[in-house]
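Engineer: Could you put the whole structure together from the sequences, leaning on the hints where they help?
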Amino acid sequence: MPPKGWVEINDLYCKACETCIADCPQKVLALDMSRLSIKGYHPAYMAHPEKCIACGICATVCPDAAITVYRGTPPGFEEKGTE
Amino acid sequence: MTDTDVKVVYQRPIGLTDVTTHYCPGCTHGVAHRLIAEVLEEMGELRNTIGVAPVGCAVFAYNYFDFDFVEAAHGRAPAMATGIKRTLPDRLVFTYQGDGDLASMGMGETVAAAARGEQITIFFINNTNYGMTGGQMAPTTLPGQKTSSSPLGRDVETQGYPIRTAEMLATLDGASYVVRRSLHDARSIRNAKRAIRTAFEIQKAGLGFSMVEFLSICPTNWGLNAPKSREWLKDHMLPYYPVGDFKVSEEAERVMKEVR
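Line by line, the protein sequences are chains A and B. Take 1 as the starting number for the first sequence in the numbering used here and just add one per residue. Take 1 as the starting number for the second sequence in the numbering used here and just add one per residue.
Fair warning: there could be bad hints in the mix.
Said to hold, decoys possible - DSS-like cross-link-like pairs, simulated, lysine-lysine; straight-line CA separation at most 30 Å:
| no. | chain 1 | residue 1 | chain 2 | residue 2 |
| --- | --- | --- | --- | --- |
| 1 | A | Lys51 | B | Lys228 |
| 2 | A | Lys27 | B | Lys228 |
| 3 | B | Lys7 | A | Lys51 |
Unchecked claim - So these bits of chain A aren't anywhere near chain B, every CB distance computed over 10 Å:
| no. | residue |
| --- | --- |
| 4 | Gln26 |
| 5 | Ala30 |
| 6 | Met33 |
| 7 | Arg35 |
| 8 | Leu36 |
| 9 | Tyr45 |
| 10 | Met46 |
| 11 | Ala47 |
| 12 | His48 |
| 13 | Pro49 |
| 14 | Glu50 |
| 15 | Lys51 |
Don't read these hints as lab results, they were simulated from the structure. Note that CB positions come from ideal geometry on N, CA and C, so glycine has one too.
Structural biologist: Below, the structure written as structure tokens:
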């Protein structure tokens, strides 16, 4: 089954406070240790995009309004049918 | 599914400017800013609102909100908001203050504004210390809490007891809506947003003074990371500063029910 949605995290605003990571009920998010943002933080990213349910809790707790939440099939994700 | 089925569940409110805040990572000032911007956007009042910024961590709040803002002298935000509201009664006027600004330097102004029943809204961020100046003891510091000016913990014998601002203002007849909310998890944040909406609706209806106190975290000065700070808030602040509605006047109750 395709994921129910996805989130986009704006590197400009993300300060790697880990609030969204701690609160995500599906444990989708993690800090991207391979990247540095312009402010010098390792921004949060979707480590497990297949688990996202688009509940929006990450955006609700984000102190910097860095997260946009979309509901639907993520672009580039091919629907494989119900199997 | 096609692309037309994609729905934006949440995006950054237009009431915030496109700049990064100077707040520490995880600071709930950002959450409070975001909630105020969201509520004003939902009410369609972004162009009809004047905010008053305090002195403290939120001193640059006028850079982050995309609507009219003025900066008050330390603690004098309620007095300034009073003046603005009396000259421009059709605007929504709110102050955004921390515990150093509201409960210490500006306690006189705050109590007087509530006692006069001014038609303004106060948003009060309580993080139990003076964040901007390096985490000194504030009137809201908990008994035994270590801060940079009470390194052995607040000793109530010599340094007094914390002030429960919301409960205190609730005793005043001029106050119409005085509540406390927490910002430590998603559920509390949603409740906080409802309280902000109610406070603004009460002001819009001309029902008197409203204040929402937010329990906030201060990760840097508490010496904890953001998730641990939120745990600390839950374990230590919530027992001393219970979340609740301390004063809801009869007319305000009607407005509150409509918001739910």
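Engineer: Was A:Met46 rightly flagged as not at the interface, with every chain B Cβ beyond 10 Å?
Structural biologist: 15 Å, holds
Engineer: Hint check: B:Lys7 vs A:Lys51, CA-CA at most 30 Å. Holds or violated?
Structural biologist: Measuring from Cα to Cα gives roughly 18 Å; hence the hint holds.
Engineer: Confirm or reject the statement that A:Glu50 sits farther than 10 Å, beta carbon to beta carbon, from all of chain B.
Structural biologist: Nearest chain B Cβ is 15 Å from A:Glu50, so the label holds.
Engineer: Any Cβ of chain B at or closer than 10 Å to A:Gln26, or is the non-interface label fine?
Structural biologist: 13 Å, holds
Engineer: For A:Pro49, is the shortest beta carbon distance to chain B beyond 10 Å?
Structural biologist: Non-interface label stands for A:Pro49: nearest chain B Cβ at 15 Å, farther than 10 Å.
Engineer: Looking at A:Tyr45 again, its CB stays over 10 Å from all of chain B?
Structural biologist: Non-interface label on A:Tyr45 holds, nearest chain B Cβ at 16 Å vs cutoff 10 Å.
Engineer: Verify the proposed pairing of A:Lys27 with B:Lys228, using a straight-line Cα cut of 30 Å.
Structural biologist: Distance ~17 Å between A:Lys27 and B:Lys228 Cα, so the pair holds.
Engineer: Is the nearest Cβ of chain B still more than 10 Å from the Cβ of A:His48?
Structural biologist: 18 Å, holds
Engineer: Run the C-beta distances from A:Lys51 to all of chain B and say if the shortest one exceeds 10 Å.
Structural biologist: Correct as stated: the minimum Cβ-Cβ distance to chain B is 16 Å, above 10 Å.
Engineer: Would the non-interface assignment of A:Ala47 survive a Cβ cutoff of 10 Å against chain B?
Structural biologist: 17 Å, holds
Engineer: In terms of Cβ atoms, is chain B entirely out of 10 Å range of A:Ala30?
Structural biologist: Non-interface label stands for A:Ala30: nearest chain B Cβ at 13 Å, farther than 10 Å.
Engineer: Taking C-beta pairs only, is A:Met33 more than 10 Å away from all of chain B?
Structural biologist: 16 Å, holds
The structure is consistent with each of the numbered hints, conforming to all of them.
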